[in-house]
Amino acid sequence: MKYAGEGGEVLWFEEGLNRVAVGIYFADLYEEAELYKRVGALMGLGASKVFLAVLPDALAFVDPRYFKANGVGLVVVDPAKGVDGVEVKIFARARPAAVEPLKIDAVKAALHEYLASELKRVEESLFEKVKRYVDQRIEEVKRALQAVEEAKRAAPPVQRAAAESAQEPRGGIGENEWVKILRSKR
Amino acid sequence: MISDAYRLKYTFGVDFGTSYVKYGPITLNEPKMVQTRGLFLRDLPESVKMRIPPDVLARGLVVGDEEVRKYLSSVRDVQRNLKYPLKDGVARRDDEEAWRVLKELARYTLAQFPVSDPEFAGWLVAVALSALAPDYMYKAIFDIYDELANEFKIYAVTILPQPLAVAIAENAVNCVIVEGGHGNIQVAPISFALIREGLVALNRGGAEANAITREILKDIGYSDIAREEYAVEMVKRAVGLVPRRLKEAIRAAKSDPDRFVTKVRLSPVVEVEIPREYAWTRFLIGEIVFDPNHEEIKSYIEQSRLRIENAVIGDVTLYGEMDVASAIITSLRNVSVEIQERVASQIILSGGAFSWRVPPGMEDVAADSVTRVKIALEEKSPALASKVEVRLVSEPQYSVWRGAVIYGYALPLSLEWSDTTREGWRFPRR
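So the protein lines, in turn, are chains R and D.
Throughout the first sequence, residue numbering follows this note's numbering, covering 1 to 186 in sequence.
Throughout the second sequence, residue numbering follows this note's numbering, covering 187 to 616 in sequence.
Calculated directly from the structure, the hints in this document are not laboratory data.
Glycine included, each C-beta is placed from N, C-alpha and C at the ideal position.
Be aware that one or more of the hints could be misleading.
No more than 25 Å apart at the CA atoms, straight line, and that leaves these computed lysine-lysine pairs for PhoX-like [claimed, not checked]: (1) R:LYS185 with D:LYS195; (2) D:LYS218 with D:LYS273; (3) D:LYS484 with R:LYS180; (4) R:LYS142 with R:LYS2; (5) D:LYS484 with D:LYS433; (6) D:LYS560 with D:LYS573; (7) D:LYS449 with R:LYS37; (8) R:LYS131 with D:LYS195; (9) R:LYS129 with D:LYS325; (10) D:LYS339 with D:LYS325; (11) D:LYS449 with D:LYS433; (12) D:LYS256 with R:LYS81; (13) D:LYS484 with D:LYS404; (14) D:LYS235 with D:LYS269; (15) D:LYS433 with R:LYS185; (16) R:LYS49 with R:LYS108; (17) R:LYS2 with R:LYS129; (18) R:LYS142 with D:LYS195.
Not close to chain R: a few residues of chain D, all C-beta gaps over 12 Å, as computed [to be verified]: (19) GLU253; (20) TYR257; (21) ALA353; (22) ARG423; (23) ARG431; (24) THR448; (25) GLU495; (26) THR503; (27) GLU564.
In isolation and in its complexed conformation, chain D is listed as follows (with noise of 0.2 Å):
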C-alpha cells in the first residue's frame, strides 16, 4: 500500500526540455539538471579505449555534463557523436540515436539517487513532455522505464504535458500557458486539465531572435562574430529590446540614435558596438518573438536572409508568422465559450524567450514580455485585454519540474494510463 507520507518521499520528477533535463525526487527544493545531450564513443583511439570503463564503453554512450565533457576531447569527430535528441521538445520516431541519449538520459536521471530505505517499493516517477509530442513519444518513454524497471525500483510511471506543468506549479486551474522556448512558442489553454483542441504552436522563438540578431551583426561589419552562436546570443541578450510599439520605438531610435547606440565586450578582446545608424534595429531583436509581421523584420525575410515559415511537428501545425496575441486569441476560440472567460482570467508566460528587461530610461519605449503581451492584446481585442492578467512565472526554469512531482505525488494510483485521456500511471512489468 503506498501511503500520502510514501509518495512525499518518493515521488520522481523529470522534465525533458529541449536544451535541459531538469529532475530530481519531491524532496528537494530545485532540481537537478543536466543537458539534453549524450556523446557516442565511437572512433576512439585504442588508448583511450583503455582508460574507459568496461560498463561505460559497452553502452557506447555517455551522458552528463561532467561525463560527456571528460570524453569530448578523446572523440574525434564531435560533431557527428554528439546528438542533442529533441527539437522543439520532440524526438524523431526513427531516430534511434535519439532514443539511444534519452535512454541513457532517463537511466542517469535514477542513478543519481540511491535508495537504501528497507520500506522503499520504488519510485513514482512523472515525466513531463513537450505539449507537442505525439503519441508514439508517449509510448517509447513507457518502454524506456519498463526497461529501466529492471535496474531500478520503479513502482509506477505517468506522463504529463509540460504546460499543464507549469499550471499546477503556478496553482492556476484556469489559464492560458504561454511557453516560449528557444525553437517555438505554445500557447495551451488549460481548465482543470490541457485543453488540446485550443494548443497553438508558434514556429518562433529565441532562435529566431538569434538569427535576426546574426544579421544585424553582419550589417554592422562583424561577420566574424556571427557566425558563432554563443557570440549572438551573448549580444543579443546584451542589446535586444522589446519595443513597446515597434513604429513609434523606431521613429525614437532614429531622431535619438545617440540616447540607443551601445558597446558589448564580449571579450578581452573583443568588443562589439552597435552604431548610430544601426541603434533602431536593437527594437528588432525582441519584437520578432512577439510579432514579426513588419516591413522592417519582412525585408530580411524577403531578402532570404531570415526565415520565418510554418512546420509541422505530428499532427500540429506550427505557425511561422502569427503574432503572439493572435495566438493567445486563436488559441481562446477553440475553447468552448462557456469557459472563455474563465481560462482568458489568467495568461500566465514561462520560458527563456520571454525574459527580456528594460534598460533603465528606456521605459518611454521598451517594455518587458508582459507589458508587451498586455499592449499587443489591447490593440487586438480590447475586450479580452480589460479581463486578462498577464504574468510572468515565478521560477522559468524549475516551473514544469515542480508541477511534474505535484502531479506525481497527486495522481491517484488507482488510475491506470488511458491511451485516449492520456492520464494515469502505468505500471512496469517486471
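Isolated chain R (complex conformation) (with noise of 0.2 Å):
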C-alpha cells in the first residue's frame, strides 16, 4: 500500500487501484455519536476501501457488527507502543463501487496536473523565501553601511530622526493604529 496524500483528517493510500482512505479520529474524550458521524462521512468519500484509525479509548464505543456490515475497516492506534501500536483490528472490504478504466484515466490526468501546478508553486514559494532572504541581507549590508557613514558625518538630529522613520517596520505593525497614537505621545 502506498501514501498517496491527505486531506482534513483523512489518509489516502493506493492498493494497486483501490484507493484506501484512512479517517484520523483521535481525541482525549471520545463521543459515540461523532464516531459514527465519521464513519458516514468516509463512506461517502467514495474510496475502495475505509478505514477508521482510533486510539484504544474508542474501542468502547466500537460496534464490530455495523463495521463488520458495512465492510469499514478499524485501526487501533497506540502510541505509546510505537510503531508497533499499529493494529488493524478490523479489516475493511472493497466497496462495490468500482472505477471504471476510462474514469482511471481522467484521474490520472488530473492528478498529474495537480500534481504539477502544486510543484510550480512549491518552486515559486521557494524562489520567492530565497529571495527575499537575500534581499534582506542586501538590506542589512546596505544599513551597517548607512550607520557607519551617518556616524561619520555626524548629521544633525532632525536628519537621522527622518532617515530613521523611513525604516517600514515588519509584518503588520506599521499598520496598527496603535503605532501612530503612541509615536505621538512625548
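Relying on the hints, combine the two individually framed chains into one complex.
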C-alpha cells in the first residue's frame, strides 16, 4: 500500500487501483455520535476501502458488527507502543463503487495536472523565500554601511530622525493604528 | 541611539497571566509559555541535594515546566512548596514567596534568549499585568527588572494593563475589552488608552463553572470524581452548554431530555453519564459565567454549595452576582457621554472563560459567547445592542503578548515612566 496524500483528517493510500481512505479520529474524549458520524462521512468519500483509525480509548464505543456489516475497517493506534502500536482490528472490504478504466485515466490526468501546478507553486514560493532572504541580507549590509557613514557625518538630529522613520516596520505592525497613537506621545 | 530597526529586534514582551506567563522577543511568531508557578527546594533528602546544580540550590527555587517536573518528585511536601504566585492576576504585597517566584520567572524568561550581537544595547521589556494590579505591583515589577539588569542587559522597562494590550493586538482604538479568566472577568473600556474609571470587575469566571459542575456531579452520584479538579474541568468542557435563554433551554431539555443526555469518557476506566433527569443542568454550567441570577443557580447558593460574592482587590470591588451585560453597561456609564457611543461600537471578548462551543443540532437552544452576550445586551439595552459589534479575539492565548511587544516597539523612549499616568519607560539603574 502506497501513501498518496491527505486531506483534512483523512489519509489516502493506493493499493493497486484501489484508493484507500483512512480517517483519523484521535481525541481525549470520545463521543459515540461523533465516531459514527465520521464513519458515515468516510463511507461517502467514494474510496474503494475505508478504515477508521482511533486510540484504544474509543474501543468502548465501537460496535464491531456495524463495522463488519458495512465493510469498514478499524485501526487501533496505541502511541505508547510506537510503530508496534498500530493494529488493524477489523479489515475493510472493498466497496462496490468500482472505478471504470476511463475514469482512472481522467483521475490520473487530473492528478498529474494538480501535481505539476503544485510543484510550480512550491518552486515559486522557494524562489520567493530565497529572494526575500537575499534582499534582507543586502538591506542589512546597506543599513550597516549607512550607519557607519552617518556616524562619520554626525548628521543633525532632525535628519537622523527622518532617516529612522523611513525604515518600514515589519509585518503588520506598521499598519497598527496604536503605533501612530503611541508614537505621538512625548 | 536606539533605532526602529533595533526595536524590531530587541523588544521583549512578558505577559504575567494567572496560569501561564507568555514571553519572548518581538521577532517570534508566537510567544513561549511557562506555567506561572515555582517550586521551592525545601525539605529535600541529602541524596537529592547532591544532584542539584549549586546555583539552583543557592536560589532555593526552580521555575519552568520541565525544571519543576524534574524536582517535583524529590520534594516531600509538594502542597507547601509548589507556589502559584498570582491570584486573579495579582500577587499580595506581603507574600514574599510569590515575589520570589515572579522574580525567578522574569529571570527565566530572559535567560531563554541569550544575545551575542555586539550591537545589542539591552532589551526593551514590555510587561503586561492585570488591569486590577495595584500600584505596589508596578513598583515591585520595576524593582525586579532593576535587580535583573545586573545579570542581563536591560535597556528599559515599561508596564501596560492586559486589556490595553488586547486592544492593541486587535488594532481596536475605541472598544470595550471583556477578559474572562479563571477567577474573574474584567470589563475595560478603551479609547486611545485604558479608561480606568470605567473598569468593572466580576468575581466570577471559569472557576464558578467548575464549581457548579462539581455540585452537579455530586448530585448525579459521582462524588469521587467531583473531588478531582482535572476531572471536573474535563466534564465542564465536554458537557457544559451556554443557553441562548436559560428558561427556554431548560424547558426544552425537560420536555425532550433524550436530546441532551450525554456521556464523557475521562479515562479507559471512568465514564461519566449525564442522565435524563439531569440533562437540563448542562445549561447551568455555561450560564453561571454570564449571569448567575436565576432561581436554579440561586438554590445551589442558598444551600451553601456555591459561593458567589463580592471581593476587593486593591481599590477595585469585584462584583459577584452582576451579569456580564450589566457589567458592560455599568462600565460604559463611567465613560464620558461624548465618547460612549464610539467606545461601545466594538465589544471584544477574550480569555478562556468565553470559549464555549455549540454542539451540532443544538443551535436553537445553545449559543457561543458572542451570541450570548449579544442576546443579553438586547434584553438589557436594545438601543445599545443595535449599535455594537461583539466579537471574540483572534488569538485568545497570545493577544496580550502580541499587544505588549507592539506597545514596546512604539512607545517613544523619550517618555519616562510616570506613576500618575502609568505610562512611559523606566531605565534600570546600573
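Here's how the hints hold up against the structure:
{"no.": "1", "hint": "R:LYS185 with D:LYS195", "in the structure": "holds, 22 Å"}
{"no.": "2", "hint": "D:LYS218 with D:LYS273", "in the structure": "holds, 21 Å"}
{"no.": "3", "hint": "D:LYS484 with R:LYS180", "in the structure": "violated, 49 Å"}
{"no.": "4", "hint": "R:LYS142 with R:LYS2", "in the structure": "violated, 50 Å"}
{"no.": "5", "hint": "D:LYS484 with D:LYS433", "in the structure": "holds, 14 Å"}
{"no.": "6", "hint": "D:LYS560 with D:LYS573", "in the structure": "holds, 11 Å"}
{"no.": "7", "hint": "D:LYS449 with R:LYS37", "in the structure": "holds, 16 Å"}
{"no.": "8", "hint": "R:LYS131 with D:LYS195", "in the structure": "holds, 21 Å"}
{"no.": "9", "hint": "R:LYS129 with D:LYS325", "in the structure": "violated, 45 Å"}
{"no.": "10", "hint": "D:LYS339 with D:LYS325", "in the structure": "holds, 20 Å"}
{"no.": "11", "hint": "D:LYS449 with D:LYS433", "in the structure": "holds, 24 Å"}
{"no.": "12", "hint": "D:LYS256 with R:LYS81", "in the structure": "holds, 24 Å"}
{"no.": "13", "hint": "D:LYS484 with D:LYS404", "in the structure": "holds, 17 Å"}
{"no.": "14", "hint": "D:LYS235 with D:LYS269", "in the structure": "holds, 20 Å"}
{"no.": "15", "hint": "D:LYS433 with R:LYS185", "in the structure": "violated, 50 Å"}
{"no.": "16", "hint": "R:LYS49 with R:LYS108", "in the structure": "holds, 19 Å"}
{"no.": "17", "hint": "R:LYS2 with R:LYS129", "in the structure": "violated, 31 Å"}
{"no.": "18", "hint": "R:LYS142 with D:LYS195", "in the structure": "holds, 17 Å"}
{"no.": "19", "hint": "GLU253", "in the structure": "holds, 25 Å"}
{"no.": "20", "hint": "TYR257", "in the structure": "holds, 25 Å"}
{"no.": "21", "hint": "ALA353", "in the structure": "violated, 8 Å"}
{"no.": "22", "hint": "ARG423", "in the structure": "violated, 8 Å"}
{"no.": "23", "hint": "ARG431", "in the structure": "holds, 25 Å"}
{"no.": "24", "hint": "THR448", "in the structure": "violated, 8 Å"}
{"no.": "25", "hint": "GLU495", "in the structure": "holds, 33 Å"}
{"no.": "26", "hint": "THR503", "in the structure": "holds, 30 Å"}
{"no.": "27", "hint": "GLU564", "in the structure": "holds, 29 Å"}
In this structure, the earlier hints numbered 3, 4, 9, 15, 17, 21, 22 and 24 are contradicted, and the remaining ones agree with it.
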